[in-house]
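Chains as they are written, first to last, in my numbering: chain E, 1293 to 1462; chain R, -16 to 370.
Everything labelled a hint here was simulated from the structure, so no lab data went into it. Treat the hints with care, since some could be wrong.
As the list claims (entries may be wrong) - Distance windows between CB atoms, simulated:
#, chain 1, residue 1, chain 2, residue 2, range
1, R, 4, E, 1374, 54 to 60 Å
2, E, 1356, R, 0, 38 to 44 Å
3, R, 69, E, 1375, 51 to 57 Å
4, R, 303, E, 1332, 40 to 46 Å
5, E, 1336, R, 125, 21 to 27 Å
6, E, 1424, R, 234, 20 to 26 Å
7, E, 1384, R, 303, 42 to 48 Å
8, E, 1343, R, 237, 25 to 31 Å
9, E, 1388, R, 298, 31 to 37 Å
10, E, 1410, R, 234, 30 to 36 Å
11, R, 303, E, 1304, 45 to 51 Å
12, E, 1388, R, 105, 33 to 39 Å
13, R, 234, E, 1406, 24 to 30 Å
As the list claims (entries may be wrong) - Facing chain E, a subset of chain R residues (Cβ under 7 Å, in silico):
#, residue
14, 244
15, 247
16, 370
In this text, a Cβ means the ideal position worked out from N, Cα and C, and glycines have one as well.
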Amino acid sequence: MNTKHIIGVFDNEDNLLKAIKHLKQKRANIKDVYGPATNHDLIKAFTRESLLPYLSVLIAIGTIIGAFGFLYYTSVIDYPLRYGGKPLFSFPPMVVIIFLLTILVTGGLTVMAFLGRNQLFPGKEPVMIDPRASDDRFYLVMDQNFNPEEIKKWIADSGAEEIIEKEIDA
Amino acid sequence: MMENTYTISNKLKALAGVLILIGAVAIVHGFMSDPARTWNNILLNNMYYISISMGALLFFSLQYITNSGWSALFQRIPLALGAWLPVGALFMLLLYFGLPDIYKWAQPGITETDKLIAHKQPFLNVPFYMIRIVLYFAMWLGLFVVLRRYALREDSTTDLTPFSKLRYYSKVFIFVAAFFFSLAAMDWIMTIDAHWYSTLFGFRAAVTSIYYAVAVIILIIFWLRRLGFFGEFNDAHRHDFARYLFRFSIVWGYLWFMQFLIIWYANIPELTAYYYPRFIGEWRVLFYSEPLINFAIPFIVMMSDDVGKNKIVMKTISILLIFGLWISLFLQIMPGSTGLLRFGFIEAGSWLGFTGLFLLLVFSALGKAPLTPKNHPQLHESIHHHI
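So here's chain E without its partners, still in its complex pose (with noise of 0.2 Å):
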């Protein structure tokens, strides 16, 4: 779905940060911010909550117990093979695989639910505003707003190099 978008270009990201700054204070619905670098104040200003660090701890869990079960499965039930005088079920080397098997799953399922969410896969081509997005210039992407006169005279006060209007993939 192609839907128009007021798309503001910086040249400096202490321009872009007012911006931000003015425009969540007039309660504009910004979509996207790009730019070839980043610092802490743009992140902190631009954060939208994600719920991926609760997905991880999920999966994490999910994974400790699925690798528990398995442990158990194959050294007690399934294969009761006693080695080194130890019980059947012991719980110290469980943990090494467990711990190991944690982190390859969490990694793995949560970069392939952060793809799946942004809709990314190789291949894609890739959705560019304008060449110098690639380049030295930061792009302040505005959502659907009631008042697009008003928000382009904002953007052009905060000191925008200039103001575009284009269809984007939404």
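Model the placement of chain R on the given structure of chain E, informed by the hints.
Just chain R now, with coordinates in the frame of chain E:
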């Protein structure tokens, strides 16, 4: 800049005095009723505060080595924590009179009955043990004095020489301290179980000492803030200290488990004998609560960044770690020396006494110099630190 000089209050002096008095009573009472137990408690508490001191100085030099600007404001606190070292040296030398009560290898005639100890005799004998103590403390105290002198000289000059000197001596100190504190921990604690050894033991003691030192530094900063100092202490500093605790909790858990798992797997009798009473016997409650307090709780609670840098959470975890270090050392020392799981007036009293002395020394040392450096080149980076 705001008020910069701390002076130790009479109230704190009185508190420290009362604590020292309790400690003195506990130790005198201990020597009359159970000298062996008392010597072990003196070793435990002394090692406790030497760990914190050395950890703090390692933290101090780590900041210079890694060129960390954010901590420049607080560098006087780890420096003040080093004030325990001379007293620690004194108590370590004092142990000379109680060596047979702590170490099996120091008991007269043990070499005739115990082949393994006889084999280790060239290293584990009383004169060499005392010489090693003198050597360790000579190196640490010498470097500590140098570090402190250059850190304080920075206040009176805008020259960069003290700073570059500090960087140089930090490198020297971190190697000396990491190597010889590892060796010292093996010497003082590991040889209690003379048949047992763990090549990881010293490294673990040196690295985890930074963990506990950071907890103490955090508590001191919060306490000084309540008195009106460190107005510049902001969100980002708190975040960095919280990350220190969090990451060291992982290191702690990793090293603890590494030492345990390898011995558990290897099934070598001399090594397993160390873990057997702790893992199976009456020490098992303490044995399980040790990783719970030192690793699991800090790790789980501080995993979320926002929860981790909460003031109350940071204080609680730091206080928890103060007990964690005690439990950790108690489990390393007591099963091998007295072999009795007892907690009474001697344990609590001597810990309180040492704590009183520690507070007195550290806070008088804090009062001897301005709380924040004046001309540290990274001071402004630290004041305006933000992430």
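How the hints compare with the structure:
no., hint, in the structure
1, R:4 <-> E:1374: 54 to 60 Å, "holds (58 Å)"
2, E:1356 <-> R:0: 38 to 44 Å, "violated (51 Å)"
3, R:69 <-> E:1375: 51 to 57 Å, "holds (53 Å)"
4, R:303 <-> E:1332: 40 to 46 Å, "violated (30 Å)"
5, E:1336 <-> R:125: 21 to 27 Å, "violated (45 Å)"
6, E:1424 <-> R:234: 20 to 26 Å, "violated (45 Å)"
7, E:1384 <-> R:303: 42 to 48 Å, "violated (25 Å)"
8, E:1343 <-> R:237: 25 to 31 Å, "holds (29 Å)"
9, E:1388 <-> R:298: 31 to 37 Å, "holds (34 Å)"
10, E:1410 <-> R:234: 30 to 36 Å, "holds (34 Å)"
11, R:303 <-> E:1304: 45 to 51 Å, "holds (46 Å)"
12, E:1388 <-> R:105: 33 to 39 Å, "holds (37 Å)"
13, R:234 <-> E:1406: 24 to 30 Å, "holds (28 Å)"
14, 244, "holds (5 Å)"
15, 247, "holds (5 Å)"
16, 370, "holds (5 Å)"
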